[in-house]
Amino acid sequence: MNFGYLDWIILVVYLALTLGVGFWVKRYVENLRGYMVANRRVKVALGVATIEATEIGVITFMYFGELGYVTGFACFIIGILGMFAYMLVGKTGFIIAALRRHEVMTIPEFYELRYSRRVRLIGGFILFLGGVLNMGIFLKFDGIFLSEVLGLGEQAIVVIMVAMMVIVVTYTVLGGMFSVVVTDFIQFVILAFGMLIATVAILFKLDLVQLSTAVTQQFGAAGVNPLANPRFGWMFIVWVLVSNIAAAALWQPSASKALASESPEVAKKVFTYASLSFAGRAMIPMFWGVAALALLGPNVSSTAAMPRLLGLVTPRGFLGLLVAGMLAASMSTYSAYLLAWSSVATRDVVACLRSTDFSERTTIWLIRGFAIVIGVFLLVFGLWYQIPDTAYQYLFITGAIYTAGALGCVAAGIYWPKANSVGAYTALIMGAVAPASFLLVERWREALPSWLVFITDVNVSGLLSFVLACTGMIVGSLLTQKIRPPIKLQEKMTT
Amino acid sequence: MNSAVLIWIIIFALATTCFFVVAAIVAVKGSSDLRDLLRDSKARIDEQGQRANVKASTIGPG
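Top to bottom, those sequences are chains A and B. One point on numbering: in this note's numbering, the residue at position 10 of the first sequence is 10, and numbering is uninterrupted. One point on numbering: in this note's numbering, the residue at position 34 of the second sequence is 34, and numbering is uninterrupted.
Certain hints may be false.
Within a straight-line C-alpha distance of at most 30 angstroms, the following computed DSS-like cross-link-like pairs (lysine-lysine) qualify [said to hold, decoys possible]: (1) A:Lys418 / A:Lys482; (2) B:Lys29 / A:Lys269; (3) B:Lys29 / A:Lys418; (4) A:Lys482 / A:Lys91; (5) A:Lys269 / A:Lys205; (6) A:Lys482 / A:Lys269; (7) B:Lys29 / A:Lys488; (8) A:Lys43 / A:Lys91; (9) A:Lys91 / A:Lys205.
Just so you know, these hints were derived from the structure itself, not from any lab.
This is chain A alone, in the form it adopts within the complex:
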């Protein structure tokens, strides 16, 4: 491994600087709005940097790198789908423009405006559950990545996990969205530089013919054609496209960037410009995974292959910058996610159990408390849980627990006047059923009756969650129009 003294110095200086900035920015937090949505003063370029930094972490590199290693070039289709989804949301303002106009701070707040406080409670709980489960594997993958790149071995994984969590929880708890936005910007710049270094270093080591040969020898047509690849196919493509649209508009950590924007128009521009780099965000680490296959062969652990390659090909000195960039990426993702889930737990779950709202001061302290609790949970869950299938599919299926129902509730709430609270309950619950069932029964695939085996196909479960949620919203609302008349959004806002 190439990680030397100079690399360690770069890494330590970077970590110290990040923590310093996190502490320094604390002075700009004046109230809850400042803490959660940076006073809604984020402009286009800063918004793009912060959404990119949130959506790129070590986990992103790990799951895309893993896909490149196990599927070849065929997985590049995911990058195109992601770009298309964000472009669609940005150009049309689908959901995000309306959410920004109504000035909500979390997505479940919209449920209360359009449906009822109880829908907000249930929606908030499902969002919290899906979000924290989704985040559950981040730390472990970061630990694997860093131990491989630094050449520290498996015994270092736990120490790395604890250190990362302490650093990120500290600056998120102190500075809230201000810390997230300011450090996101710095982190995105360093991260992009690190990605450039790694890609150039790989291209110096391997030529494109070597990559092409490795993929065609290992996978044949399945390595270049997503429809011929057994992991993908049409169902996967449709599911990932719908899922990406839902995640772009409704996944709290990225949607919160729209909610922090200066105006609905700025929010649309942020998503449109960010979409231009979403294909690269996926394809660059996938390319690294393909390079790992070409250089290391097919018999390395699929999660360890890509980071091992980076540790081998990146020159000394640059490796420190690369790891700092990767850590930067991860920390910005963690901080945005921690803030998002702890805000939801506080404002949309705990506060909804009471008849009166908490004061701003209590709310901020509760959010900080939840951020610490989630941090501890991530450590325990990351050490204990073994993911089924690939990390990419785990993340999308846990995300679907929330996004499927939320897409039904929020899209119908904005664009369909007949949507009512019964439809919302049905969409939220039915949207969560298929992915939750997948996570529960996947390990006992052999013991299931043959008619139920379809639920253990991650692509079927994922797509089914959106179909069920949509059906639930339409049928639930239409059958109960008289007993639960829909509430018009405008009326609810003005009363």
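Take the given structure of chain A and dock chain B to it, following the hints.
Showing chain B alone in chain A's frame:
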């Protein structure tokens, strides 16, 4: 190298170029956005502080 691989390599090159061009633009323009955000917030905090001082002096013993 077959044509399917070549197509993916070209798409990869375009996507990577877009990514780094956006990153470069954001790095330059984002820094001025960041300065505006912090300046604006500082001004609001100062204003709030002044208002609190004025209020304290009007309801004070003098």
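Comparing the hints with the structure gives:
A threshold of 30 angstroms between alpha carbons decides the hint, and for A:Lys418 with A:Lys482 the separation of about 11 angstroms falls inside it, so the pair holds. About 14 angstroms separates the Cα atoms of B:Lys29 and A:Lys269, which keeps this hinted pair within 30 angstroms; it holds. Distance check on the hinted pair: B:Lys29 and A:Lys418 sit about 44 angstroms apart at the alpha-carbon level, beyond 30 angstroms; violated. Taken as a hint, the A:Lys482 and A:Lys91 pair is broken in the structure, with Cα atoms around 37 angstroms apart against an allowance of 30 angstroms.
Restraint check for A:Lys269 and A:Lys205: not satisfied, since their Cα atoms lie roughly 38 angstroms apart, outside the 30 angstroms limit. Using a Cα cut-off of 30 angstroms, the hinted pair A:Lys482 and A:Lys269 is violated, with the two alpha carbons roughly 40 angstroms apart. Under the criterion of a C-alpha separation no larger than 30 angstroms, the hint pairing B:Lys29 with A:Lys488 is inconsistent with the structure, at around 40 angstroms. With a CA separation close to 17 angstroms, the supplied pair A:Lys43 and A:Lys91 stays within the 30 angstroms bound.
Between A:Lys91 and A:Lys205 the alpha-carbon distance is near 40 angstroms, which puts this suggested pair outside the 30 angstroms criterion.
Of the numbered hints given earlier, the model fails hints 3, 4, 5, 6, 7, 9; all others are met.
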